[in-house]
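Both chains come to you apart, so use the hints to assemble them.
Take a look at the letters that make up each chain.
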Amino acid sequence: MRDNALIKAIFAAAVALGGCSAAFADNVNAADVDTVMSLDEISITAIKQGSDIKHQSVSAVVIDRREAEQKHLFSAKSASEIAPNIHIPDYGSRITSTIYVRGLGSRIDQPAVGLNVDNVPILNKNNFDFDLADVSRIEMINGPQSSLFGRNTMGGVINLYTLSPLSYQGTRLMAEYGSANSFKVSAGHYAKIKPYLGVSASAQYYSTDGFYTNEFNGENCDWERQTGARLKVQYHPGNEWMLENVAAISVVRQGGYPYRYIDSGSISYNDTCFYRRTAISDGLTVRFNRGNFSISGVTSLQYSDDNMTLDQDFLPLDYFTLTQANREFSITEDIIARGSVGSRYSWLGGFFGFYRHAHMDAPVTFNDYGIASLIEEKRNNANPTYPIVWDTRQFLLGSEFTMPNYGLALYHQSEYRLGDFTFTLGLRGDWEHCGLRSHSFSNTGYSIMHLLPDGKSELFRHDDINIDDRSDLSKSFFQLLPKFSINYSLTSLGKSSVYASVAKGYKAGGYNTQMFSDVLQQRIMGMMGIGMNYDVDEIVGYKPEKAWTYEIGAHLESRDARISSDISLFYISCTDQQLTVFPDGTTTGRIMTNAGKSRSMGAEVSLRAAITDAFGVAGSYGFTDARFVEYNNGQQDMKDKILPYAPKNTIYGEAYYTFALRNDYVRRISLNVNVKAIGDIYWDEANRNKQDMYALLGAQVRLEGRHYSLDLWGKNLTDSDYSTFYFVSIGHGFLQQGRPRQFGATLRCYF
Amino acid sequence: MIKKLLSAMAVIALVLNVASCGHDEPEQYQTFGNKVIAHQNVGGEMMTSAGRVSVKIYSPTPHADLTIPMMVNGAWRQVMFTDLTVTMSNTEGYILSSNSAVACDESGKSLGFNVSSLSAKIQITNPTSAEHENIVISCVVDSRLYFASLDKITHHKTSTVTSSPMGSYTCQDAIYTFNIDADKKTASIVINNIKFAEKAPVLSEITIPAVTLTETNDGYTVTADEVIPTSAGVPMENRKITNLALNLRIAQGTFDGMFNCMGMTCNCTGDIAFRGSEE
Chain A
0 MRDNALIKAI
10 FAAAVALGGC
20 SAAFADNVNA
30 ADVDTVMSLD
40 EISITAIKQG
50 SDIKHQSVSA
60 VVIDRREAEQ
70 KHLFSAKSAS
80 EIAPNIHIPD
90 YGSRITSTIY
100 VRGLGSRIDQ
110 PAVGLNVDNV
120 PILNKNNFDF
130 DLADVSRIEM
140 INGPQSSLFG
150 RNTMGGVINL
160 YTLSPLSYQG
170 TRLMAEYGSA
180 NSFKVSAGHY
190 AKIKPYLGVS
200 ASAQYYSTDG
210 FYTNEFNGEN
220 CDWERQTGAR
230 LKVQYHPGNE
240 WMLENVAAIS
250 VVRQGGYPYR
260 YIDSGSISYN
270 DTCFYRRTAI
280 SDGLTVRFNR
290 GNFSISGVTS
300 LQYSDDNMTL
310 DQDFLPLDYF
320 TLTQANREFS
330 ITEDIIARGS
340 VGSRYSWLGG
350 FFGFYRHAHM
360 DAPVTFNDYG
370 IASLIEEKRN
380 NANPTYPIVW
390 DTRQFLLGSE
400 FTMPNYGLAL
410 YHQSEYRLGD
420 FTFTLGLRGD
430 WEHCGLRSHS
440 FSNTGYSIMH
450 LLPDGKSELF
460 RHDDINIDDR
470 SDLSKSFFQL
480 LPKFSINYSL
490 TSLGKSSVYA
500 SVAKGYKAGG
510 YNTQMFSDVL
520 QQRIMGMMGI
530 GMNYDVDEIV
540 GYKPEKAWTY
550 EIGAHLESRD
560 ARISSDISLF
570 YISCTDQQLT
580 VFPDGTTTGR
590 IMTNAGKSRS
600 MGAEVSLRAA
610 ITDAFGVAGS
620 YGFTDARFVE
630 YNNGQQDMKD
640 KILPYAPKNT
650 IYGEAYYTFA
660 LRNDYVRRIS
670 LNVNVKAIGD
680 IYWDEANRNK
690 QDMYALLGAQ
700 VRLEGRHYSL
710 DLWGKNLTDS
720 DYSTFYFVSI
730 GHGFLQQGRP
740 RQFGATLRCY
750 F
Chain B
0 MIKKLLSAMA
10 VIALVLNVAS
20 CGHDEPEQYQ
30 TFGNKVIAHQ
40 NVGGEMMTSA
50 GRVSVKIYSP
60 TPHADLTIPM
70 MVNGAWRQVM
80 FTDLTVTMSN
90 TEGYILSSNS
100 AVACDESGKS
110 LGFNVSSLSA
120 KIQITNPTSA
130 EHENIVISCV
140 VDSRLYFASL
150 DKITHHKTST
160 VTSSPMGSYT
170 CQDAIYTFNI
180 DADKKTASIV
190 INNIKFAEKA
200 PVLSEITIPA
210 VTLTETNDGY
220 TVTADEVIPT
230 SAGVPMENRK
240 ITNLALNLRI
250 AQGTFDGMFN
260 CMGMTCNCTG
270 DIAFRGSEE
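For the record, the sequence lines run as chains A and B. Numbering that gives the first Met the number 0 numbers the first residue of the first sequence as 0 and each following residue consecutively. Numbering that gives the first Met the number 0 numbers the first residue of the second sequence as 0 and each following residue consecutively.
Next comes chain B alone, as it looks inside the complex (with noise of 0.2 Å):
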């Protein structure tokens, strides 16, 4: 997955021209996303809304612009920030960041607004189509916290720490991928690679079907009190999932929590960092 990162941002680099003309140019617009779940705290109300992202990034100095969905004078409507810093990691992929950002609309024009601590996370698997890993941007509106991401957000740096009365084991491997429902307040999570003991074999996926998930002030909590999850569509009515409680932090990407098990509590933490090598 890594080295797919890494070639894409190679090959976008190449598709956006970088090239050094004297002065900045936007090289190319690229809509990342269209289903993103905008979560804004107005007022002290959490409001939730679909939308799309879209990037574009300059060059030869590399600095970006991004819009989002925001909601603005009580309407959700795309909300474009400016001259945003761009740095890419090879775990997190594109970094867009500003410590005060001004809101415009899409034609530049000011908004009235600031926001700050604005990030953006973008990991991309296919510069052709777009297709993107994870979407994760969060940002400080009025004192209150914006996050927005795609539906689905992936983990790729986790942890599961399985104790029985035999020992403890921890598995590293392990993706987790949380498919939301906003609307019918659902979500399912697929479990690949995981392993709960030395000996035992590796899962390639394990699905929790859809279970309850709830809006925080930073993300969800997905609960289920007992949830039969399936393999390969197959029930595993052996491996019953009882006491599942997980904190989605979509601000920072992360997530952690615990369930039970086969009589075993499996503790697991997760970042949607790629596992691989700093730079």
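Excised from the complex, chain A in its bound form (with noise of 0.2 Å):
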């Protein structure tokens, strides 16, 4: 009882501050007073952590299903706005989704989070952004995963499950309009056919105008098309076997890019800017349990085809553009078994493979303006005596890549239990292959004068541009990724834990096919005698980077769980940093190295309350500083610069009351007021532009009937100007702004 009432006058100070909400878990019906969840679906984070994933030595945020639809949480992307040091901005479009957890986080090809939706791995980050109809739950899992997820989550894992037919029947209904002319609606059947038996199908159809407009065609450029279709089947014909077949397609259409010059203050841009992407995915979980043992089998097909096409100056500019067409499959298939040796000793092992091919074309359209400015009038400066001029206003450097991945990885942990202590020690091996064919061509060419004295001017020479150039590069990578953690169970506390931590984690090695244009231009100057010829594997290969973490953490709830708190300090060491560089000597061309070294440390709080039956509070602060130890980019040493793109806090608190009537038409209403906020936000290696902490006011009126629930929601209610993406081409530096003021209603219906 002491320790009850101790947490309690803990928690007053945060509650003084303003939030939490009570976690109210999961139950058949939406109407009901929550209890707390049971999962009767089989998750990967069961199968790998155990069910219990809060109470686990890791920092998580584990959303379900209600607080997903009151908060309007369908994506990874907008569950991150109520995580600490979670931050996933939303910018450019949906190929340019980048995850930074704790400091750590990529815009080039590996992300340094993992991504698992229904069990499926989504292997490419390009992929990352999407919406799905009815979340079940979601898991944001903080620090290295990688003894047990392997690559590419060296920042953590975020887990992302659909409403189980087996544990959830009926029929739901989704209708939502909001500002800019966004509309979504989604439609979910979920059916026990047999006892044994449950099938689900959903769909959803979402569409936005945009809130931006291209002043160069008066058009709205970040408009949206999205729809998307799930179908599971999950099968447990008794208590041994368990299947679960998930299959889901999506489909995205959206202009996207909504970049403002800075000069001028405004969008414009003359040529296309769209992305369009369609993916298709199953994923199919197969456990066997039998007493103490039990093992599981994850195995996923994917498949993915999606088009960037740029105006890549962003500017009523002919410059050039670019179009990057990727086509991908991919396979894996994850093993694990578990068991248990008495009521210490249990433990954990696995293997993992995949393999993904990908055939990528990228062309490039120079086009009048590009042509002079970039390549006539930098050859000219260097001999005007001898200019020269393009054959044509337009030409094409052509690129096409082949992209074979594949890997292997077995991975084990053991868990011993002494007293209240847990001590957990894992180790993974994993090995990895990637190859990259390319072919880049180009055939133009150009005529170079002779200015003679009399100011007129002679043909000296014609030149023709043949590039015709093949390369097949391949590298190979191992890793051992050791975690160490001690839990420490506060069982007077009721379901209270402190932990430590030491992990490794590590973001694969590869090949950054976006340098091929920066390697073809110098190519081009190269042969006119500026420029350096670069060995292409030096230019666009890289290896893998690796992280060490080390966390001390608590996570604390009240005996009636009414409650709880988790608390998480951490330190990251980061070697053989995946960067650009400026070759030495130069001040265009840029080459992709593992050239630096970076630190980042802080603190991660989280805090829910349900003050009363009616009244609640919850909120979440992360604070992290993260700097590059070592890093030269062959311009300007940026020791001790902030790393950019990661917010140095995440700040969100909300708070809110509930009337109970209990009437026919109207059982409750709630009423939620929030905020969020996010910053300081470096853009570049340098410090020298940045975002300055901005807060977004939200609140919402709820209406739940027992069929029924109805949202009245404004987002940015004090319409902040803040801005999401930071970024300079050809010189030129571009701003996206963040969303402003929304307003809107959700309706949704329950049978």
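No lab work stands behind these hints: they were computed from the structure. Each hint should be verified, as a subset may be incorrect.
Derived pair list, reagent style PhoX-like, types lysine-lysine, alpha-carbon separation capped at 25 Å [as the list claims (entries may be wrong)]:
hint	chain 1	residue 1	chain 2	residue 2
1	B	K198	A	K638
2	A	K640	A	K596
3	B	K239	A	K377
4	B	K239	A	K455
5	A	K638	A	K542
6	A	K640	A	K542
7	A	K377	B	K198
8	A	K640	A	K503
9	A	K640	B	K198
Okay, here's the thing in structure tokens:
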């Protein structure tokens, strides 16, 4: 009793700061009072880390269905808004999704965070940004999970789950309308055909006109149309066997790229920009239990076909455009065995393999202004007596890539309980091979004139440029990924514990195909006597990036589960950081390299408190101080500079109050006020540009009946002006502005 | 380039089939250079001739035989030196050396004289075709310097310090190649990947066309009062070079000197050694 009172006293100060909400767990009927959730469906987290992720030696945020509905969390991106130290900014298009956790992240190729959807690992970072209908649970786990999940989980893992037809039956309909003529509809039916066989089918459609206008043509540039469908079959014939198969398809079409030119302050570009994607996946999970032993197999097939076409200069000038069209197929297999010996020792062992095959076409088209300013002007400044004139005012730099990528891993984890202590030791051996077959080609030419003393000019020579380069590169990597943790249960404090852990994580190495445009440009300039010819492997290839994370934390929960808190402190040391640099002595032509070392340290705190049955508060705070320890980009030493794009602070707070009416039409009315604050965010390694911390105020009124809920909501109610992204292209700076004030209504019906 | 050299060395070792047989055997006879220009100071007069260089490398105890063109009794002939020490360096290539070596004919019969301070640096890029980067040989005969090289010498480890009223800039990535025409007494210079100022573009290739070549006791001097360089075959009149004076020290495999260009003074030094980590 005294301990419970102590916890409440500790949290009183947090309540004064404004907030926690009770972690209402899921139940079959959304209108009923929520109870603690029990998992019937099988999940990769439960298979690997146990069902009670919130009380493992990790820092994790778990969002159940009700909370996801209440807060309109339907994707990893939206869920990140309430999790500490996780930042998934909204910029560009759905291909440019980037996840930053505790300062770790990447805009280039390999992600620092893994993403699994209904047990299917999404291998390509470009496919991370999508919406789900009927989210059942979202788990956001901070800290390296590489010993269990392997490659590209250096910063953490995000798991998304959709509703299970064995635990939820009925029909769900949703219709939503909001600012910018945005509307979303979804429908799902969940049926238990037999006591042991459940089938569900869901579909959704989303459309928005966007918030921003391309002033060049007067059209909205960030419009979007998205549709998706999911079919889930669960077969649970007895206590021993469980099978689950999830097939999904999603299609995205969007304009995207509302980039504002800093000098003019406007969004204005003359060439087409769009992004389209079709993604299909199927994941089969099979589990066998007998006594203290279980073995699971998770098999997935994934296919995606996307096309990003850009006006690369984002100006009303004809510099150049590029297209990146990628078709990719992958297969993954994860086999996990678990067992225990007695009551103290349990173990887990597994095998993981994957094969991924991608083919990309990435042509760059140089147009008139680009030819004149980027090629002719540079060349003619170097030799004005013999100026060049390009044959055409448009030419193509073609690139095609084939990228086979495969890997194998073996992993083991042992757990030993000694009284209230739990010791965990894990190790994973991860081997990977990646290849790149490239074909770069261009057929163009130019004339070299000779300026005579009398002002006339004569033809000196004509040169053809016929490039037909092919390369076949490959790399292999092997990583040992250990993990050790100690967990101490505070049994006198209910379901509370403290922990300490150390673990290694890594991002895979590979090849950055986006650098090929630099290679080709340098090649052409080199043919004219300007620029260096580089070794392709040196420019586009990079090795794995590694990080060690040291963490201590606590999970605290009152006996009645009305108040809970998670706290963690961490220190991360990152080596062989994957960066782009300018080679010695050049100001143009970047290369990929593992040139950096960085460190990140910080803390995460989250609190939830159901003060009364009607009133509650919730909040989270993440602080990260991430800096370069060693990094010279060939032009400047960045030591002690703050890592760009990752926010220093992430804050979320909310308060809610529920009126229980219990009449025939409206059973409850809930009021919710929330605030999200992010910043500071630096936009470049030299820390010359940044976004100061900004706050977004939101509010919602929810009406709930027996078979429906109606949300009236507003976001960014103070219409805060902030930027989500900044970059430089051809010496011009661009910002993407955050979304303005929005209002909307969401109607859900349950039958 | 260093990677090429290292892999070439490995392949050569395989090609030459370094195997332990309990006795030394010559593995494969490699002619590494067919157009070596040899300079020998005979009685105070510098004699020059073209010839070939051949090498045999033995195993299991690495040692080598070297055959080079030398003037003996007034006539140029192939002279062989045996039992030379062999070392391999990832920056210098093969280095054959001997403090004192007996000169023999190609049958192994002594020619009656020794040379001292014999050094031969052989950099090979393609063992299959014996394509070579550099061959630089020197020794002392009758207290006078003998040196030989290919008619093309490439310096990888260079420094070009450009001084102008706006300041100084050092470029250490440029490659200087001297193409020597001993008959015409001219040399052209190809400079790759040179940059003259911090914000200037890298020039992938500048060629200084045939300029005056003068023999010295240890190599050549390359001079020109005024010359228009070319880039990709196009004259660069705005980059006219004046007061060109470079000292090519064949025996050491180095060069140094200066030239003026666009109001800037460029002091340059170079070595045939590859830029990279030492062994």
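(request) Find the hints from earlier in the document that the structure breaks and name them by number, from lowest to highest. (result) Structure breaks no hint.
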